[in-house]
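Protein sequences appear in the order of chains A and C.
Quick note: the first sequence uses the numbering used here, first residue 1, plus one each step.
Quick note: the second sequence uses the numbering used here, first residue 109, plus one each step.
Check before you lean on any hint, since a few could be wrong.
Stated by the list, open to error - With the Cβ distance kept under 10 Å, some of the chain A side facing chain C (calculated, not the full set):
1. Q10
2. G14
3. M15
4. S21
5. R31
6. E36
7. I39
Claimed, not checked - Below 27 Å or equal to it, Euclidean Cα-Cα: the simulated DSSO-like pairs (lysine-lysine) are:
8. K3(A) / K278(C)
9. K219(C) / K4(A)
10. K3(A) / K219(C)
11. K278(C) / K4(A)
12. K4(A) / K220(C)
13. K3(A) / K220(C)
14. K281(C) / K4(A)
15. K43(A) / K153(C)
16. K35(A) / K185(C)
17. K4(A) / K232(C)
18. K286(C) / K4(A)
19. K3(A) / K232(C)
20. K273(C) / K3(A)
21. K35(A) / K153(C)
22. K3(A) / K281(C)
23. K43(A) / K281(C)
24. K3(A) / K286(C)
25. K273(C) / K4(A)
Unchecked claim - Stretch-level coverage of chain C by chain A, calculated; a stretch enters the list once three of its residues show a Cβ under 8 Å from a Cβ in chain A:
26. 126 to 137
27. 145 to 151
28. 265 to 278
Simulated from the structure, these hints should not be mistaken for laboratory data.
Please read these numbers as outputs of a predicted model, since none were measured by experiment.
Each residue gets a CB set at the ideal place from its N, CA and C atoms; glycine is no exception.
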Amino acid sequence: MNKKIEATLQSLDGMQRASASPYLLTRLQARLQTKEPDIFWVKAGRFLNRPVVAICAMFILILINFAIIVKSDVAVPDNKSITTATNYGNDLLSTNILSNYDLESTQP
Amino acid sequence: MENNNVIPSYREMVAGLQDMVYNTALSIVQNVEDAEDITQDVFIKLYEELDRFRGEAKLSTWVYRITINKALDAERKRKAKKRGGFLNRVWGTDEEQEPAHFNHPGIELDKKEDAAVLFAALSKLPNNQRIAFLLHKAEGLGYAEIAEIMKISVAAAESLQARAKTNLRKELKDYYQKHFK
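If we strip away everything but chain C, and leave its shape as in the complex, we get:
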């Protein structure tokens, strides 16, 4: 890096935001390696585009948006790769598979099992409901902040949260009926 005068502020920014970015990415993609790659991509983008940041929104809001977009892109690519298995389609082995259980490192030990089931159910939700739910639960954000990040109204953020919970209840009911008869 030739701009030595930029490094201290950039360094501070990375130190201040790295866990926020990593935790958000990890909650969305549910994969440690992917989340690490996304975190790096986000900070590279920040380094390149910090000049364009107009200060209209909070820096964290802007960083959340970049992280969510990168995470959803990575997830889309991973799903496309899985779907693209030509032989799977030809031989008909592309049946709907249950996602592998993911253990978030920040969950309390006694809740780990339930949380893994919840993360599996979350991956079946529409993106906007999932993002609203995860920003609230994993990042502890309020509806106003979620609304700002997702560029929607506060009422819409609340509605997304409610719909996410309803859909999760359905998914969990199906899961428990299937696995604990």
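Here chain A stands alone, though its shape is the one from the complex:
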């Protein structure tokens, strides 16, 4: 067993280098010619085009929408708007604007 293990360990001794494809340079030239320039917007576009990014963005938008809907359903009536409406009524009463009642009045 030990002999076999040692023989296996030494099996890489004297190994030759594997040779790369003879067409490597041609392929490299083709790749370099078709390579897109490394501009920020090109990179950003490529990043945003990824399905994972698009799906994540859509999921975040849905979450935000859902959160807004839930929040607006639970919201307590706004006291400020009620106060404003009351004030507006009071303002009308305090002015001398003729109301229907005034027109129908027979009193001078």
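Since chain A is already given, all that's left is putting chain C on it; use the hints.
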């Protein structure tokens, strides 16, 4: 390529380093197609970043580093793809599988079988031990060069080599006990 004046030196560089890059990548990833892709990626990176090469280290050292990083990245992606099989996890079929036997084209015919077993055992080693072992065996580098490529001390390179051998012996013992009872 619009820079015609760059092509001759780049051409020479590709011709001089292509087998070194391919052999290193092939020894690490143990797959011909992946090794070819990695070789192309390495030379594309070299073309783009040759201006940044400061000459502090030898060109070959720099190229070895790029090759090793690219090969380990490719291997990581391949493993992640395999692991990512959702159904495998759900149905529990993701049991530890023995790696497919790889035949390196540079191995002598009578050693091919043993070498295939050794490559399978190598794929189970930690990356730094595996790289140190392969640079020594597949590329025939000395400890000083390995240390420079891996940015460690010579003593650390020797230690990695020794640990790699110890772990390989254990792996091989397990393998032979399992397959030749």
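So, going through the hints one by one against the coordinates:
Proximity of Q10(A) to chain C holds as hinted, the smallest CB-CB distance being about 8 Å (cut-off 10 Å). Residue-level restraint check for G14(A) holds (minimum Cβ-Cβ distance to chain C is 7 Å; threshold 10 Å). A distance limit of 10 Å between C-beta atoms decides the matter here; for M15(A) the minimum to chain C is near 5 Å, and the interface restraint holds. At about 6 Å, the closest approach between the beta carbon of S21(A) and any beta carbon in chain C falls short of 10 Å, and the interface hint on this residue holds.
Hint on R31(A) holds. Least Cβ distance to chain C is approximately 6 Å, under the 10 Å limit. The beta carbon of E36(A) comes no nearer than 12 Å to any beta carbon in chain C, farther than 10 Å, and the hint placing it at the interface is violated. The interface hint given for I39(A) is broken, as the beta carbon of that residue sits about 14 Å from the closest beta carbon of chain C, more than 10 Å. Between K3(A) and K278(C), the direct Cα distance comes to roughly 14 Å. Compliance with the 27 Å bound is thereby established for this hinted pair.
With a C-alpha separation of about 12 Å, the suggested pairing of K219(C) with K4(A) holds against the 27 Å cut-off. A C-alpha spacing of about 14 Å is found between K3(A) and K219(C), which places the hinted pair at or below 27 Å, so the restraint holds. A hinted pair counts as satisfied when its Cα atoms are at most 27 Å apart, and K278(C) with K4(A) qualifies at roughly 13 Å. At roughly 14 Å between alpha-carbon atoms, K4(A) and K220(C) fall within 27 Å of each other, so this suggested pair holds.
This hinted pair checks out: K3(A) and K220(C) have alpha carbons roughly 17 Å apart, not beyond 27 Å. This hinted pair checks out: K281(C) and K4(A) have alpha carbons roughly 9 Å apart, not beyond 27 Å. Distance check on the hinted pair: K43(A) and K153(C) sit about 17 Å apart at the alpha-carbon level, within 27 Å; holds. Under the criterion of a C-alpha separation no larger than 27 Å, the hint pairing K35(A) with K185(C) is consistent with the structure, at around 23 Å.
About 19 Å separates the Cα atoms of K4(A) and K232(C), which keeps this hinted pair within 27 Å; it holds. Taking the CA atoms of K286(C) and K4(A), the gap is about 14 Å. The hint holds against a cut of 27 Å. Our distance criterion of 27 Å between C-alpha atoms is met by K3(A) and K232(C), whose separation comes to about 22 Å. Using a Cα cut-off of 27 Å, the hinted pair K273(C) and K3(A) holds, with the two alpha carbons roughly 15 Å apart.
Restraint check for K35(A) and K153(C): the C-alpha separation of about 12 Å stays at or below 27 Å, so the hint holds. Between the alpha carbons of K3(A) and K281(C) the distance comes to roughly 11 Å, so the proposed pair stays at or under 27 Å and holds. A C-alpha spacing of about 50 Å is found between K43(A) and K281(C), which places the hinted pair above 27 Å, so the restraint is violated. Distance check on the hinted pair: K3(A) and K286(C) sit about 16 Å apart at the alpha-carbon level, within 27 Å; holds.
Simply put, K273(C) and K4(A) have alpha-carbon atoms about 14 Å apart, close enough for the 27 Å limit, and the pair holds. Look at the region 126 to 137 of chain C against chain A: 7 of its residues bring a Cβ nearer than 8 Å to a Cβ of that chain, three or more, so the hint holds. With a cut-off of 8 Å between beta carbons, the region 145 to 151 of chain C has 3 residues touching chain A; three or more are needed, and the interface restraint holds. With 3 residues having a beta carbon nearer than 8 Å to a beta carbon of chain A, the region 265 to 278 of chain C meets the requirement of three or more and the stated coverage holds.
Hint compliance for this structure: hints 6, 7, 23 are not met, and every other hint is.
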